[in-house]
Each structure stands twice: as structure tokens, then as C-alpha cells.
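Undergrad: One-letter residues, chain by chain:
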Amino acid sequence: MKDKTEMFDVCVIGTGAGGGVMIDRLTAAGMSVVALERGPQISPSEFNEDELKIVLRKQLFSPGKLETYRSDTEAPEETGNFAEIVHGVGGSITHWGAWAWRLRPDEFRTRSVEGAVPGASLADWPIGYEDLEPYYDKAEADFGVAGVSGSNPFEAKRLTAYPNPPHPWRPSSHKFAGGAKKLGYSPFPLPMAINSRVYGNRPPCINGGACRGHGCPISAKATSMSVSLPRAITTGKLDLRAPAMVYDLPVGKDGKLTGARYLDSDGRQREVRARHVILAAGAIGTAQLLLMSRSGSFPDGLANGSGEVGKNLTYHHFPIVAASFGEDLRTYTGVEALVAVDDLHPSDAKRGFIRGGVIGESNVASNQPLMFGALLQSLTPGARWGAGFKEKLREFPNTMLFTAICEELPRAESRVDLDPNVKDQWGVAVPRLTKRQHENDIAMHRYFKNKLAELAEAAGAEKVHHVDVPNATIDQKTSQKGSTHNHGTCRMGSDPQSSVVDKWCRSHEVPNLWITDGSVFPTAGGYNPTLTILANAYRVADRFIDEARRSSL
Amino acid sequence: MSVETSRRRFLRNSAFAAGALLFSAHLPRPLAAMAAAESTEPVVLAAGEWRCLKAITACIIPTDHQPGALEANCVNFIDKALANEDAAAVPLYRGGLAVVDVVAESRFKSPFAALKSDQQVELLRGMETDSIDPWPLGQELPAAMLFETMRMHTVIAFLSDPRYGGNQHFSGWKVVGYPGSEHHNGGYTRAQVEGKAKVVPVWDRGSH
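Going line by line, the protein sequences match chains A and B. Residue numbers 1 to 553, in this note's numbering, belong to the letters of the first sequence in order. Residue numbers 554 to 761, in this note's numbering, belong to the letters of the second sequence in order.
Chain B on its own, in the form it takes in the complex (with noise of 0.2 angstroms):
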């Protein structure tokens, strides 16, 4: 697809004028919870789109020596909020993951998904730092707010509970630290509470 087509795609497609509302109160959609747990098929994102987000969660919360975005599904989480409660925001991702090939191809011959990482990374930092010319979508919208709303999205996919399809194996919780919600599994002792006794995280207490 060239430049223009997909500009004039995503204007055509785009009822979403520049202000991306990711937690808009307004939207009462029913939970994208349910279904959306463990689910790795796409029922919003192309398998195109769902490829090259995938490549850029990656970017986002890399994996090292604990996982990142891609154990913890996070492109998923995001392909059931659009489906629910962020489906105002489905034409940004469409029009934008669209052109973000499209630069990657123009620039590196490849789409995004199949880029070195350093080229990944690199093409990424410009988005965000809207220094990418040309950029086909302009002012329509701008780089630093697509990326923008797909760090953010990636970050609330990590750290959200698994019940909505990102966070898997509770991974995210595992790399910050947090040991889960204790209310609904007993609490936690004084002796918890004052540092004297270890705290043992939801998921190794046979409760998940």
C-alpha cells in the first residue's frame, strides 16, 4: 500500500479526530474480560496488524532474564479492549499499524514485524519523538500519539489482571513485584504486614 492510499484509508476510516480517549468513561460496553482471557485469537486486528503490534509490544517491555509483553500476550489484551471497552480507538490502530509498515518498508524494505530490533527500536523512538518525515498521516495523526496510545495500552496490558487476555502466567505481576489481590485470598498477617514473614504470591498458592 503507498503512502497516500493508506492516508486516505485511514481518513475515510477514521471517525476519531486527534485526542485519543483510551479510558473513556463513556463508552458502557460490556467487560472484555470474559472471552478474552488466554484467547490468542484476534477477533479486532487483522494478522497483519496483530504481527506488527506484536513486534512493537515487544519494543515496549522487552523480555530479559523475566518475560516481557510477548509472554504476556499483551497484543491480545489490547485486540479485546478494542473489541469492547477501547473500540472508539480501533481506527487509529487501523490506519496507524497500517502506515507503520508502510514506513517500515520504505525505509528498511521490510515490514515492522521483520525488522532487526535495532531497526525497531529506532523507528519506534522517532514516532515518539515525531521526528519521522514523512509521516503520511501528518497532523490527522500525529506518530506521538499512536505510539503513545500503544505504550500505554502495552503498560495497562502488562500490569492488568489476566482476566482480560494480557498479563498471562500473571507475568507482569511477577516482574514488578506484586504479589496479586489478596482481599478474596485471606489477607495478609501482622507479621506480612510488619515485614517479618515472607509473602507468598497468589499464583504459588494453588488458588489460580
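In isolation and in its complexed conformation, chain A is listed as follows (with noise of 0.2 angstroms):
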């Protein structure tokens, strides 16, 4: 009841890597802030590397989190847990894999540089490399990225020098470096966020080896549980509410937010009144408020007069190859990747698609038993029990991953709305993604995969594996369900009838709504996007705090 009369300057929803960045940033230029945090407070005392209850079951980062899935309108519909994102405070960054990028310049201009490509809805960015340029070198300070600046001869131009030197290497890396170099790439240590030596109050990597899908208990990988909201606590203008599931965004008589209302831990309908409202719910979770908030004069959704919201639901695919060497290769330590090579990545159409994508190691699958048993479906068909089972399993300390994170083209019709049917545990109506993939994705991973078991044989392997994983692989009939990365629900750009926010990621519509989550990417870059919301965020909360103090919001 006493929410009703508390009056905020911000309310920031989501408390992952887009929010937690402008709850860091706001509260340190003095604004009170309240953010709602969709699921429940997680302690790394939790984070225990227990793969069965955190990676199989899902139990510690989204206990019964559904949403349904489709390929398209006419398929059928399944219900499950697809979406690889955390409901807790600190959100998805809490489980990354901390591989910290900068997109390419031409990965802002994939519409001009491509030009229009049928069955796709490439859209340039609204702003540029150079907007978001400053803001790659302030988010990468904080989060104490570690890498060798110019080691990567395809990288955007950088003038700054990475804050943290590079992770000491396992042998799988110097596999991978060794293929790479014999077949003429060129090979570097992948810019991980996560501390290669004491940086910001936080400890160095420990090396433990179950880092990616995991959280980290020592807090030597940078998340907003890490870095950013121990900052905005420190402040004492932050007010936390988890969980806080929102479900609705008011608008007063004057077009503009009030506030929240949201359910508590108790289920109790709340109601908090703010200024101005920061949506960072994720792709998926954003584009679902805005669906639910309807009202008279939003009868398609809140800031949807465009009719986008939810559009453009875009992943990464990810080709994977396992290959398996004669000898231990450590995979089962240290970080989740330490080697890259980028020289597959610049878009040439000479290849039978567009676009393109970065490789690099990885020990997902490969550092963990259960995670290997389950890879071990697709590599032994006809060996899934029994003696050949065993020596199979046998196998996990030699068996190295190789894999591509490659750039996904939207589609307009992959989207996320409201599941007309099924309900959530609040008895909210669930996210209802209908994603499929554009045909140029399928050519893609085909050519990555050939490239990778390439880059295998050339490390030395002796057996390598075209690995299906599911929900990872895509061909013709297989599509990717959920993912870790979701962008582009609520597109940046410049004309509202074909965006949902601005360059400076406030609504076309609603004047004291912003969004500063992955959902406004109109492209995904063939990168990882986490330092990109970092940075884009950074750029929008000084953007805030400058119009704040010029009285003009």
C-alpha cells in the first residue's frame, strides 16, 4: 500500500546486462531507483557446478519458466523451457560465457552492405561502430575483459588496450592454434570478462573449468551480480525487489508511464510509481510486457503502434565439431574458450551465402560428464549402451570442441507474442516464440561445420565429429527452439513505423520509456552480443543522466 505513494526517479526492469548497467550508472549520478527483477534473488553460494540440478534440470537459473514454440503458424506447438536465459537477479550475464566482443563496423550496416535480400529483414543500425566505440572501451574496463589488443587482425579498430592480460592456455588451445596456423589463419586469445589477475575488487580465475552455463562462486567472471549491482547497492539508492514479476506498464492520462504494477513473492498484486521506466527484460521478456501492457490508448500493446514489437526474433546458430586427440587436453579447466580465429568472418557472397561469423574454442560439453553424455548421442549412433558405450565415455579428457558463433538473418515473421493458450505459474500468458531459419543460415552452418572439421584435422585430431546438438543444429527441417542470445524484438531506428525505439533507445511512443536489452538490436553481428548491451547501454544511461541534468526529460 505504501508503494502506491512512493515516487522513484527510475524504474529499471531486468536486472541482467542491459539493466544492470543503467542501475550501476543511475544511481551513481544520484536518481533513486527501483528495479524489479522477474525471478529470485541467487546466492553463489549456489553456484556449485552441480550439472544435473543447474544445466539438465534447470532448477537454480529458471525453475519453471516455460514458453511454447513453433517453426512457424502452421506447425505445431510444443511447451518447455526453451530460452537458455536466467529468471534471476543478475539475469543471463549470470551464466555467460563471458566471450567479450566488438561487433565489426559492417556488422551495424548489414542492410547497405548487403542490400535487400529476400525472405530476410536485414535493417541498418541507427547508429554506428564509432557511436558505440567510447562505450566498448568503458564496458570493458569494468568488466575486465582479458585479451592482446590487436591480436585479431579482422577486429574493429580499437584504441585502448585491453584492461587484463589473456588466460593461460590448456593444450585443446594449442591444438586449435596449431590447425589454425597450418591453415593459414590467424589465431588469438579469445577477450574473455572474466579476471585473469585481482581487478576491481573481484579475484582472478581460479580455473575451475564449469564456467559457461554456470555461475561463478568466486565472482571472478564479470556480471551485473558482480560488478554492476554491488556498485548501485554501495549507493543506497537502490531499492531491489525480486522477485517482482511484471505485469503490467500503466499509462497515465498524459501518454506517459506511471510506474509498474507487478506480483510479489506472495503472489500479492504491487504497484510502483516512477519518472521513467528502463525496460530490460531481454528479447524475450520485453517484447511479452509490452504485449501485456494494453490499454485504451495501446490496444496492441504498450509503444506498438508500429505493430513491431516481437518481430524479428533473432539467434546465433552455432556448428559444432568434437574431435578427439590421443591424449589429455584439459578441457575439464579454466575458462569457457581461450583461442579464436576470425578469418571466416568478413561477409564475401562468392561462398554461397552472406555474412559470417567467428570460431573459436570451447569446452561446453567438454568439461563436464553429463554435458558430454549427452554429446555423445549424436557422435556414436549404434554405440548408445553397452561396452562400446564405455570406452566412448572414455574418451571425455581427449575430446575438444570446436565451434562458430555465425550471424543469424532476421526475419520478420520469427517473433515472439503472447501463447493464446497456455499460461505460467502466475497465470501470466506465455512468450510464444515462432522462429525458424532463413535458407542463408543453413548454407552457413554447412560451411562452418566443413571449415571446423577442417580446422580438427588440421589441430591433429584423430577422430573428428560433426556434432548434432540439439537446438543447435539447423538444416532444412531442424530449427533452433530457444537460445542463449535473443536479439531483436524491439528494434533501434529512426522511423518509428518500422522501429520500436530510437537511436538513444527511448520509445517512439511513450516518452519516459527506454530499452536497453539485447531486444533492440536490429541485426545480431556474428559475435557474442553481451558486450555490445553492455556498451550500448553505457552510451544510453550517459545520454539519460545528460538530458536528466538539463532538465529536459
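Errors might be hidden in some of the hints.
[As the list claims (entries may be wrong)] Listed below are the simulated PhoX-like cross-link pairs for lysine-lysine, each with C-alpha atoms no more than 25 angstroms apart in a straight line: (1) A:Lys181 / B:Lys749; (2) A:Lys449 / A:Lys182; (3) A:Lys157 / A:Lys138; (4) A:Lys481 / A:Lys58; (5) B:Lys727 / A:Lys392; (6) B:Lys727 / A:Lys463; (7) A:Lys256 / A:Lys237; (8) A:Lys423 / A:Lys58; (9) B:Lys751 / A:Lys392; (10) A:Lys463 / A:Lys182; (11) B:Lys749 / B:Lys727; (12) A:Lys463 / A:Lys449.
[As the list claims (entries may be wrong)] What follows is a set of in silico ranges between Cβ atoms, one per label pair, in the way DEER data are often shown: (13) A:Val113 / B:His618: 57 to 63 angstroms; (14) A:Arg394 / B:Ala750: 19 to 25 angstroms; (15) B:Asp617 / A:Ala141: 52 to 58 angstroms; (16) B:Ala750 / A:Pro346: 39 to 45 angstroms; (17) B:His618 / A:Pro346: 48 to 54 angstroms.
Calculated from the structure, these hints are not laboratory results. It should be emphasised that the depicted structure is a prediction, and the values quoted were computed from it without experimental measurement. Heads up, the beta-carbon is just placed ideally off N, CA and C, and yes, glycines get one too.
Starting from the two chains in their separate frames, assemble the complex, guided by the hints.
TA: Pasting the structure below:
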């Protein structure tokens, strides 16, 4: 009840990468912030590498999370927990692999670079690399990225050095680099937002091995929980509420949001009031909440006069090749990835597809036994049990993964909307994912898989396996249902007819609504998105504070 | 029990449609862990079901010069999972295991657990390929689906943290060569990451 009269400067919805930066910067600027997080508070003491509980059963990071999935509007619908995202304080950056990239300049201008592509909804970003560059510097500095500046000949030009030196390499990293050199590529230490030494009051990594998909128990991994939120808490300006499931963003008579309505941990309806609302619930959650917030002035969902909210749901696709060698590669130690090559990243239509992606070593599924056991399903048809299967299990320490992060083309038909039938534990309509790949993605996937196999051969692998990982492989028949990388459902752009927010990530239609998660990406780029989400949020925060100081907000 | 009785019993007890979801995320039940480890007392499975399933797990991951599903106590993991997270699969096991014994009796005149090892493997291979004819449960519960559920459960039991009642004495991790969860045991040194120093598994370090 007290909530009704309480007025905050800002209400931030979502506490992950994009929300965390806003919470940090705005509290540092002296604003009062209420942060509403759909999931519970999670303690680092729960980050115990329990693969069954955390990875398979998803009991720590997204218990009870539901979506529905269909490949297109005619296809049958499935209900499940598809998107690999976190519902909890700190958001999905909590279990990220910490690959920390800057997008290449051409990745902000794919529509101009490639022209119109049938079946795809390519669009230029309303900002360019030069707009984000100083904020990439800031994000790398705050998140302590470890890497070697200038070691990737294909990266965007950069003026600053990485704040930390690279992590030590495993035998598998040297295999990867050796194979890459043999093929004429330029291997380099993969930039990782994990401390390689004491930095920012956080300890260095202890190389535990179970990293991506897990939280870091010692906060060596840079996350919203370990970097952004602690700073905000010390200002005394943050009121963090979790679990707080926001179900409506009410609009006042002046057309501005008055705050947010949410359900608390007991399912009671609560309301907070705020002068501004910053939405950072992830590309799925943000679209879901806007579509749920219907009113007389917004019958099709808040800030959705264009009908664009929820459209262009874009992932990445992840070609994977597993290879075994005759020795212990130590892939169960260290951070997820240590070495990469970017030679195949630049777009080249002569390859039979446009766009590209980065190739890296990864220890996902070769760092812990359960995921390895799952990996074996596709490695060994015909030897799924019995003595032959047991022999395969023994290859665990000798197996490494070669993987690529490939740019997926956006499709307007791939989208998030509200499922008309399925409700979640709060009785709220679950997000419905309608998602299928473009022909270009299939061609690129096949090409990269072959290139990965070539790389593994060159590295001296005894056995090379094209891996069909459920939810990673794509071909004519198989789509990815959910992903860790979700973009595009509330595009930023200069035209209010074809985008949801402007170049400052402020709604075209609702003046006190801002969005700072991956949903604002018009296209996905060929790198992991998180450093760009962080950098963009730092950029928006500066603008927000600037306007507030000039009292023009 | 006759084939027809077992079929009817399965159908009666089963709220379980084809499409078993083992890792169903929407079963917010307490963790099986706590009391599961080391317990050898069945809490869901009847004695006969336990014996039958135990013999099946032993075929899926056999014992050789290293431990297999028997030593890892995979049947215990499954029993505890059925009491908790995987409760939805109880009717599948209940109906399915009875039918495995019915088929074993009709083919080899003995319950599954008492068969010779090559007979057991033959029967399971038939289930895996859905080529047992007649299969008493028909399309209500295809043999391949039952087999796949038991196979996946056994592998998961073998490789999960011992606190869940399988992988006893780290037997599964010893087979795969996984030295254990390190973040709470001090981590790895640079020399260990680089392959220049030996890695001592957690069970040899007195912390367990």
C-alpha cells in the first residue's frame, strides 16, 4: 500500500547486463532507482557446478520458466523451457561464457552492405561503431576483459588496450592454434570478461572449468551480480525487489508511464511509481511485457503502434565439431574458450551465403561429464549403450570442441507474441516463440561445419565428429527452438513505422520508456552479443543522465 | 501376470501419454539429493521392479576392469528421481518393468534379472529397435521409448554428482576421467591448466 505513494526517479525492469548497467550508472548519478526482477535472488554459494541440477534440470536459473515454440504459424506448438536465459537477480549474464567482443563496423550496416535479401528483414542500426566505441572501452574496463589488443586482424579498430592479460592456454588451445596456423589463419587469445588477475576488487579466475552455463562462485567472472549491482547497492539509492513479476506498465492521462504493476513473492499485486521506466527484461521478456500492457491508447500493446514489437526475433546459430586426440587436453580446466580465429568472419557472397561469424575453441560439453554424455548421443549412433558406449565415455579428457558463432539473418515472421492458451505459474500468458531459419543460415551453417572439421583435422585430431546438438544444429528440417542469444524484438531505428525505439533506445511513442537489452539490436552480428548490450547501455545511460541534468527529461 | 493384464494395468495406472519428458522443467518438487546418496532402500520401486531395473542398468553400462552401473548404484538414483523430479515417469516404469518381465518369461521362462547376460542384451536390443513382437503395451508405450528413458536415466545416474544416489564412490567420474568439481576445492593451477602438472581428483584429496 505504501508503494502507491512512493515515487522513484527510475524503475528498471530486469537486472541483467542491460538493466545492471543502467542501475549502476543512474544510482551513481544520484537518482533513486527501484529495480524489479522477475526471478529470485540467487546466492553465489549456490554456484556449485552441479550439472544435473543447474544445466539439465535448470532448477537454479529458470525453474518453472515456460515458453511455447512453433517453427511457423502453421506448425504444431510445443510447450517447454527453451530459451537458455536466467530468471533471477543478475539475469542471463550470470551464466554467460564471458566471450567479450566488439561488433565489426559492417555489422551495424548490413542492409546497406548487403542490399535487400528476399525473406530477410535486414536493417541498419541507427548508430555506428564510432558511436559505441568509447562505450566499448568503458565496458571492457568495468568488466575487466582479458585479451591482447591488436591480435585479431579482423576486429574493429580500437584505441585502448584490454585492461587484463590473457588467460593461460590448455593443451586443447594449442591444438586449435596449431591447426589454425597450418591453414593460414591468424589465431589469437579470445577476449574474456573474466579476471586473469586481481582487478576491480574481484579475484582472479581459479580455472575451475565449469564456467559457461554456471555462475561463478568467486566472482572472477564479470557479471551484473559481480560488477554492476554491488556498486549500485553501496550508493544507498537502489531498492531491489525480487521476485517481482511485472505484468503491466500503466499509462497516465499525459501518455506517460506512471510506473509498473507487479506480483510479489506471495502473488500479491503491487504497484510502484516512477518518473521513467527502463525495460531490460531480455528480448523475450521485454516484448512479452509490452504486449501484455494493453490499454485504451495502446490496444495492441505498449509502444506498439507500429506493430513491430516482438518481430524479428533473431538468435545466432552454432555449428559444432567435436574431435578427440590421443591425450588429456585439460578441457575440464579453465575458462570456456581461450583461442579464436576470425578469418572467416567478413561477408563474402562467393561462398554461397552472406555474413559470417567467429570460430572459437569451447569447452562446453567437454568440461563436465553429463553434457559430454549427451554429446555422445550424436557421436555414436549404434553405440549408445553397452561396452562400446563405455569405451566412448573414456574419451572425455581427450575430446575438444570447435565451434562458431554465426550471424543469423533476421526474419520479420520470427517473433515473440503471447500464447493464447498456455499460462505460467503466475497465470500470465507465456511468450510464444515462432522461429525458423533463413536459407542463408543453413548454407552458412554447413560451410562453417566443414571448415571446423578441416580445422580439427589440421590440429591433428584422431577422430572428427560433426555434432548434431539438439537446439544448436540447423538444417532444412531442424530449427533452434531457444537460445542464449536473443535479439531484435524491439528494434532501434529512426523510423517510428519500422522500429520501436529511437537511436537513444527511447520509445517513439511513450516518452518516459527506454529499452536497454538485446531486443533493440536490429541485427545480431557474428559475435556473442553481451559486450555490445553493456556498451549500448553505458551509452544510453550517459544520454539519460545528460538530459536529466538539463532537465529536459 | 499375463500380457493382457499387464497392459490393462499399465493403461489404468498411467496418466502418462507417449512423450515422456524426463527433465521436465515444470515439476517444482524438492531435490532428490538429500537422503538419496548411499541409500540402497527402494522408496518408489517394488523389490521386483528394483531387481529388474538394476539388471537393465547393468547392461547399459556394464562392469569391466572398471565399475559400471551396478557399482555406481544407478538403480538407486532412478528410484530417488522417481520419488521427486521425475515422478511423472513412475507409471512408465511401473507398467514398463512389469512388461519387461512378462516378455522375459514368455521368451526365456525367467524374469529379466535371472536371464543370462546374452539373453538380456538380446531383449534390450529388441526393445531399442522396437522389434519385439508382440509388445504388450503396443503404441501406448512403445518399447523403444521405455528403453530410451531407462538408458538416459542410467547414463545420467552414472555421471551426476554422487549426492543424487548414483555415481557412488565417484565410479562414473573415474570411468570418464573427470576429476570432480573444482571451484569449491581450490581450482586448478596454471601448470595444471597447461598440462604441465598432474591433476589429483577430488576423491584422492581427503576433501570427500
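Undergrad: Does each hint hold? Answer for all of them.
TA: Comparing the hints with the structure gives:
For a cut-off of 25 angstroms, the pair hint linking lysine 181 of chain A to lysine 749 of chain B stands: about 23 angstroms separates their Cα positions. Proximity of lysine 449 of chain A to lysine 182 of chain A is assessed by CA-CA distance (about 18 angstroms); at most 25 angstroms being required, the pair is judged to hold. Taking the CA atoms of lysine 157 of chain A and lysine 138 of chain A, the gap is about 15 angstroms. The hint holds against a cut of 25 angstroms. For the hint linking lysine 481 of chain A to lysine 58 of chain A, the alpha-carbon distance of about 16 angstroms falls within 25 angstroms, and the restraint holds.
A threshold of 25 angstroms between alpha carbons decides the hint, and for lysine 727 of chain B with lysine 392 of chain A the separation of about 14 angstroms falls inside it, so the pair holds. Pair hint lysine 727 of chain B plus lysine 463 of chain A holds up; C-alpha atoms about 23 angstroms apart against a cutoff of 25 angstroms. With a C-alpha separation of about 23 angstroms, the suggested pair lysine 256 of chain A and lysine 237 of chain A falls inside the 25 angstroms cut-off, and the hint holds. Restraint check for lysine 423 of chain A and lysine 58 of chain A: satisfied, since their Cα atoms lie roughly 19 angstroms apart, inside the 25 angstroms limit.
Taking the CA atoms of lysine 751 of chain B and lysine 392 of chain A, the gap is about 23 angstroms. The hint holds against a cut of 25 angstroms. Proposed proximity of lysine 463 of chain A and lysine 182 of chain A is supported: the alpha carbons are some 18 angstroms apart, at most 25 angstroms. Between lysine 749 of chain B and lysine 727 of chain B the alpha-carbon distance is near 21 angstroms, which keeps this suggested pair within the 25 angstroms criterion. Proposed proximity of lysine 463 of chain A and lysine 449 of chain A is supported: the alpha carbons are some 15 angstroms apart, at most 25 angstroms.
About 59 angstroms separates the C-beta atoms of valine 113 of chain A and histidine 618 of chain B, a value consistent with the hinted range of 57 to 63 angstroms. Separation of arginine 394 of chain A from alanine 750 of chain B is about 22 angstroms and conforms to the stated range, judged on CB atoms against 19 to 25 angstroms. Taken as a hint, the range 52 to 58 angstroms holds for the pair aspartate 617 of chain B and alanine 141 of chain A, whose Cβ atoms sit roughly 54 angstroms apart. Between alanine 750 of chain B and proline 346 of chain A, the C-beta spacing of about 40 angstroms keeps the proposed range 39 to 45 angstroms intact.
At about 52 angstroms, the beta-carbon gap between histidine 618 of chain B and proline 346 of chain A stays in the expected band of 48 to 54 angstroms.
Hint violations for this structure: none, all hints satisfied.
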